[in-house]
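Colleague: Chains as they are written, first to last, in the numbering used here: chain E, 19 to 393; chain H, 1119 to 1232; chain S, 40 to 937.
Quick caveat, the hints were computed from the structure, so don't treat them as lab data.
One or more of the hints may lead you astray.
Stated by the list, open to error - Restricting the straight-line Cα-Cα distance to at most 30 angstroms, the calculated cross-link-like pairs of lysine-lysine (BS3-like) are:
1. 454(S) / 111(E)
2. 725(S) / 120(S)
3. 111(E) / 394(S)
To be verified - Part of the chain E face toward chain H, derived, beta carbon under 7 angstroms:
4. 137
5. 141
6. 145
7. 146
8. 148
9. 150
Said to hold, decoys possible - Quick list of simulated restraints, FRET-style, between CB atoms:
10. 243(S) / 304(E): 44 to 50 angstroms
11. 122(E) / 117(S): 51 to 57 angstroms
12. 1226(H) / 931(S): 45 to 51 angstroms
13. 264(S) / 1140(H): 39 to 45 angstroms
Please read these numbers as outputs of a predicted model, since none were measured by experiment.
The beta-carbon is built from N, C-alpha and C at its ideal position, and this holds for glycine as well.
Chain by chain, the residues:
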Amino acid sequence: MRHQAISRLVSGHARVFRLPSAVFRLPCFLAFLLTPLSLLLTGCEGIQSVFDPHGPNARHTAHIGWVMLIGGAFIFLVVAAFAAYAILRKPEKRGWISHRGFIIGGGIVFPLVTLTALLVYDFRTARAIVAGLETPAHTIEVVGEQWWWRVHYLGGGDSGGGADADDDGNAALDSDAAGNGVIISANEIHIPAGRSVTFVLKTADVIHSFWVPNLAGKLDMIPGRATTLRIKADHAGVFRGQCAEYCGGPHAKMAFYVVAHEPEEFERWLANERTPAQPPGTPFLAQGQRLFLGTSCAVCHQIRGTDARGQVGPDLTHVGSRMSIGAGILPNNAGTLAGWIASSQHLKPGNRMPSFDAFSGEELRALAEYLESLK
Amino acid sequence: MALSHFTRAGLGMLCGPVIWGVHFLAIYVFTAMACARRPFNPDWVAAVPGMVFAMTLLATAALLATIVPAIRANKRSRDDASGFIPWATAAFAALALVAVIWETLPVLLVPICE
Amino acid sequence: MMFRSAQSNDSPFEKGGLRGIYSGAERDVVKSPYPPFPKGDARLSSFGENPRAKVNTGSHEVSMTLPNPLPRPPGEFEKLKEVWKPPSGWRIITAVNNTYIGLFYVCTAFLFFLLAGVLALLMRAQLAFPENDLIGPDTYNQLFTMHGTVMMFLFAVPVVEAMGVLLLPNMLGARDLPFPRLSAYAFWAYFVGGLVFFCSLFFGLAPQSGWFMYPPLSSYQYSSGINDDFWLLGIGFIEISAIAGAIEIIVGVMRTRAPGMTLDKLPIFAWAMLVFAGMIVFAFPAVILATTLLELERAFHWPFFIAEKGGDPLLWQHLFWFFGHPEVYIIFLPAAGMVSMIVPAMTGTRLVGYKFIVLALVGVGFLSFGLWVHHMFATGIPQLSLSFFSAASMAVAIPSGIQVFAWIATIARGKLSLTVPSLFVLGFLFIFVLGGLTGVMVAVVPFDWQVHDTYFVVAHFHYVLFGGMVFPLFAALYYWMPFVSRRQLSERLGRWAFGLIFAGFNVAFFPMHATGLLGMPRRVYTYPAGLGWDALNMVSTIGAFTIAVGVIVFLIDFARNFRPSSEHNAGNVWNAGSLEWLPNGDYSVRSIPIVTGREPLWDQANLADDVEAGRYYLPGTATGRRETLITSPIDAQPQHLLRLPGPGWPPLLSAVFTAAFFLLLTGKFVMPAMICGVLAIALMIKWLWATDPGPDHAPVDIGGGVTVPVYDTGASSTSWWAMVVLILVAAAIFASLIFSYLFLWTVAPAGWPAVEALPALRYPLIATGLLAASSALIACASRALRNSAVWRLRISMLLAVPLIVAAFGFEWYGQLQPGLRPADSGYAAVVYTMIAFQGFYAFVLTLMALYTVARSFRGLLDSKRRATFDNTMLLWHYAVAQALVTLALVHGFPRLLG
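Chain E with its partners taken away, still in its complex shape (with noise of 0.2 angstroms):
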């Protein structure tokens, strides 16, 4: 279902809003049954929602949100109808409630009896997150840039987790920039479904935030620090993320996927990330080629296996087998590519693209689709 939301959504085809279906769930129906909040109903669902968990970091907090959602909701009618009966229930009637004792009650008692109980929750709720998952199998370097993502696969284990990601992390970037091997790829994350994977974020400029709803809280990138973050997925699919916090000019469109494999064709993902680009197979994808080698193109951006080793953009290498472009803001094909290429400062304002629109339509689609063949 939110394969095909998120399909729709990459391939240009928004859906429309409707009430979800979610209704039916339980927690969505008391809260539909208690509250004025039938509104909040929507956040039950949504390619983004965080009330709609796919791992077990997200699903505590989307507990624990409910909880407090449900009780909230509950004490503010009580509340409500407390001041109501102030007003309208029989003064002789509605003394009860005009003493000092209800202010101890309501405003001392109460708050702490429910905000102790809160707070125990809240602790072993944030003890579960963070110290609830096994070691990862996966550690992977996401560095935050404006306005897009680098990433780097470091390999297997908790090599970059704990206190010494900085040094661990610094040790990948130097190692590719010896080119040994290291996977690079941008806006978009492939991890294992099931297996838990360990983020290490850092930044390149100023701070971002990285959130992926489904499947955990955000966590700052911040420069001169690494902060490392351990999910999970619960099962194969695709997450949208997001970048949460204010980076200036287009911060609106600093999106990314994450996708989740079955472990094995994770494994095979990694091995074909791992290979050079293809080259080019017709004229008129080599004709492509040489005009992004030919062109200030390969001044900013990689493509493994060519003349390409431009750092400062993304690494193009498998370009064409990612689901979208712009950092997570447009369907990734050929025409998209073109439209990208020509006016990117036209669909994402301020980026540090040049548009370059002095190609003839025919180079375009020839940069275009070789590109796209990049897979």
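Once you've looked at the hints, dock chains H and S against the given chain E.
Modeller: Just chains H and S now, with coordinates in the frame of chain E:
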């Protein structure tokens, strides 16, 4: 120079919140430093719970030492006007006590530096 | 009989009660067994043979003699009116009466509310549809930055401060605030600075890094234009204006209350404003320091926030939110105070749980300083640290709960008449409770990881701020309109305005909870279709425009019915019980009442007539000038008469030049800026010159046998109090700076020098000697002044000046010796900043010392008339203490480590 009525009453009333503030800063700063220094000196992290408990004991004792005499003074006072300041002293300190105890709870429940 | 004002006259509470307040009249005391409520009133019966007044306390009547007999001498009232009359015509802008400045202030703040509201409408228009291209990212980013900044700094804080300036003196039974020209200065600085700041938007020069201005985005690498400098300098100096107002309010509430208004009878609004002002004193310094550091980084590349150079962007977040979280309560508390005034008036009954509400206000004031990391849950701070803040956030919910239940209990006890103020109060209750509940939700760390920086948080804080502050403000505008205007606002239009604003608000912001939970982040100029956000955003936009219609209805009502007048105001149409509803004029009240209960107009029968007839204290002007009665801080016993200044140009012009100084500096016009700075200081000196009049008038009889001096020095004078509060501000700035030093050390210890790389010990030792000597000279000058040794005073002060300047010079030079430069590292930057602060104080103290000596030469300083000297002395000793701590930290700490 003896403290004036104003200074004494003012300091008395603010005792509770100030003790809370000192406790809060102490446990926060110590935890932050312990976690920041973890790579160099892991012993500090192990010391965090003990340190927090010790601070909480101290703060609780100080708050009780504020509350009890204030309640007595309030009982002794003849009218609203003179009872107000001891009442406020005790109430502010009681609120501070709740905050201090709540802030100690997580030590039992939450991993320290994760 | 002389009423001595020494602090020691106040009796300690351990003795279990107040000495008879008006012991001045003890000879007349007839201890009579009056009924006990309000307790302790019997002593008020102790006034001579004057007419008696009845104190109605509900079930009992107490009679009380009044201080002044009738009939009043002819011309007394006319003289009082004459003295307090503000200038007429366009020169009204030079007025300093609190009612005029207060009104200008409220109106200006409301103007900014409208302007920032228009920005919000533009944003909502852009977000109505997905992929809308009405507004591009650059403009949108400026819009949301300005919306937040203007609402917070130019509307919310100023408007509540303005309400304080407008209402407090009357509510406390004072004639004016203790420093009228300071209020005028604060207002005009804000007015000019605020308008110019807003206009930056029309030139595309508005800041665009968000109202929170996180570096590195806001620093020179990523925001190179002058946009963000506008924020730093513009807002930086509006913060100074807020602090000026806070000093005024603290001293006003503590020292200008009507006799008998002990702390337990203080109107709740005054309590709220006291806590508000106290919070400003400790919260604003953090952001003043933060803006200073960021401006230094932007202008001179001192790397406080640059990670590669041993700075840390999180330092900004700590400093900013140490201000930013209390800020929310700074805005909310006065609004809650207004509600606590309106509810009793609308229900016709006393507030239930007065003491609990005081507990709530003060409790929030403190606890809110333990919440700042609440905004940084997603920055990867250790889990245990986050939990402390989570717990503190829960604790702050208790006081808010107390207030809500106290209001409901009061409503239950009385009979709520559903007037427009009541409607807005009920709307406030409805919305604020929801906002409070979502506030508890975002205090839960894991939940916050999800909703932080999403529209859920946007919904939450609009529920808290719009619900918690704007609704009470509208209630207050309707409620207090009869206090400032000939006519009330219309009930009919008011209901429409309320209905539209209330419905519009909920339609606009309730869906945002869902939008946020569906994953929509904040601060996005557009969003793709198909994420489930489209319809919700459209609904929000419709709601926003509905609010706008409601506000327009209010404006129509306002235009039709607002006829400002203090003398002929509509008066106590609500039959409320607090003192601002006494008959009043530019002079505030005809005579200053004795307060015996929390709701004087209910408790004391005939109070209004007696006050108006001049039967209470100070029924005219005793010295022929503007004056107000200064009372003791806890027991409110009359202490002395403070003579107040009248209208004049210097505060206004000085404010304009101060604003010009900062704004020209933003545009890098250094020379014109300096000229404006010098003019601003010159005008301030001109205005100060007339202050500190000395005991040139005999003690005056204010009635009832009470004679008070017209001048006081030392710890009982208002100027001493103001200076102490100012020193608290300075100390808070310095504490933030020490925090910055230690914080940078924990994150980047590598930047700290080895012992060998520190300046030689002789530099700090010499500086210490110079500082100590300068302080000793000032102490010596103080003794000389007491002994009227004029030349010893002058020479001591003039010698102290070069010493403190040289101490700064030595320290700076000493740091340069090992080759340390401010732009080298975070360490270097913070060390040089500490020393620069020393230099700043040396500069200010030089001016103050020269000013003091000049007054001595003009014969304006002697052993009695020494407030000017005392202020200089206080700041001097403080500055020396701060410099010594700086030296110990900068030279001692690295040695301790090494």
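Colleague: Confirm or reject each hint.
Modeller: Hints versus structure:
1. 454(S) / 111(E): holds, 13 angstroms
2. 725(S) / 120(S): It holds: about 27 angstroms lies between the C-alpha atoms, which stays within 30 angstroms.
3. 111(E) / 394(S): The given pair, whose Cα atoms are some 25 angstroms apart, holds under the 30 angstroms limit.
4. 137: holds, 6 angstroms
5. 141: This hint holds: residue 141(E) lies near chain H, its Cβ roughly 4 angstroms from the closest one there, short of 7 angstroms.
6. 145: OK, holds: residue 145(E) within 7 angstroms of chain H, min 5 angstroms.
7. 146: violated, 10 angstroms
8. 148: holds, 4 angstroms
9. 150: violated, 10 angstroms
10. 243(S) / 304(E): 44 to 50 angstroms: Since residue 243(S) and residue 304(E) have Cβ atoms about 46 angstroms apart, the given range 44 to 50 angstroms holds.
11. 122(E) / 117(S): 51 to 57 angstroms: holds, 53 angstroms
12. 1226(H) / 931(S): 45 to 51 angstroms: Roughly 37 angstroms apart at Cβ, these two residues miss the hinted range, so it is violated.
13. 264(S) / 1140(H): 39 to 45 angstroms: 44 angstroms Cβ-Cβ, so the 39 to 45 angstroms window holds.
Hints 7, 9, 12, counting from the list given before, are not met by this structure.
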